[in-house]
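Participant: Sequence:
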Amino acid sequence: MAQVSIVMGSDSDLPVMAKAADILEQLGISYEMRIISAHREPDVFFEYAKTAEERGIKVVIAGAGMAAHLPGMCAAVFPMPVIGIPMHTTSLGGRDSLYSIVQMPSGIPVATVAIGGGANAGLLAAKILAVSDPALLQKVKDYAKRLKETVEKKDARLQEAGYRDY
Numbered sequence: 034m035a036q037v038s039i040v041m042g043s044d045s046d047l048p049v050m051a052k053a054a055d056i057l058e059q060l061g062i063s064y065e066m067r068i069i070s071a072h073r074e075p076d077v078f079f080e081y082a083k084t085a086e087e088r089g090i091k092v093v094i095a096g097a098g099m100a101a102h103l104p105g106m107c108a109a110v111f112p113m114p115v116i117g118i119p120m121h122t123t124s125l126g127g128r129d130s131l132y133s134i135v136q137m138p139s140g141i142p143v144a145t146v147a148i149g150g151g152a153n154a155g156l157l158a159a160k161i162l163a164v165s166d167p168a169l170l171q172k173v174k175d176y177a178k179r180l181k182e183t184v185e186k187k188d189a190r191l192q193e194a195g196y197r198d199y
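Numbering (the numbering used here), first residue to last: 34 to 199.
The hints are simulated quantities; they were obtained by calculation from the structure and are not laboratory data. Careful: at least some of the hints might be erroneous.
The list that follows gives simulated cross-link-like pairs (lysine-lysine, DSS-like), each with its CA atoms no further than 27 Å apart [what the hints assert, rightly or not]: (1) Lys160 with Lys174; (2) Lys186 with Lys83; (3) Lys172 with Lys160; (4) Lys178 with Lys91; (5) Lys174 with Lys187; (6) Lys174 with Lys83; (7) Lys160 with Lys186; (8) Lys83 with Lys172; (9) Lys83 with Lys160; (10) Lys160 with Lys91.
Cβ-Cβ distance ranges computed for the label pairs, FRET-style [stated by the list, open to error]: (11) Arg128 with Gly195: 34 to 40 Å; (12) Glu80 with Ser43: 14 to 20 Å; (13) Ala147 with Lys178: 21 to 27 Å; (14) Arg128 with Asp76: 36 to 42 Å.
All values derive from a computational prediction rather than experimental measurement. Where a beta carbon is used, it is the ideal one built from N, C-alpha and C, also for glycine.
Please work from the sequences and hints to get the whole structure.
Facilitator: Here you go:
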């Protein structure tokens, strides 16, 4: 049974949302992935959001661009954490999406990552779930250790080769 729901308003969001899925897969977290438009199919959206808890969903990752209502609407209906991913847009570079997601009214919080921040959304969902799962917490710690080792290797290469030959 899926613990995380990844939902997006359009298939154009898929490259960013796939980054969240990749992180969840690396950490062994089950997820579902859907394309649902809160504006174009509100009946489908409300059924999805109202039944997420009974389907076992613990965290929703919702990506949206432009008006970006999907994350906020998920937070209005779903009682557990919602992480919003603002999508880059051609008209305003994603600032429209960012403002729409981050400026939620009091009582309807949405945790918001950077524009196009799919990987961080997946990692934040993992950290939320790790609060009550010691094995997952260890996987999150191991992931952070691998990130550190990657930077250390890059620095060692720079120190050895110099910046011109890096």
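Participant: Starting from the hint list further up, note which numbers the structure goes against and sort them upward.
Facilitator: 2, 6, 8 and 14
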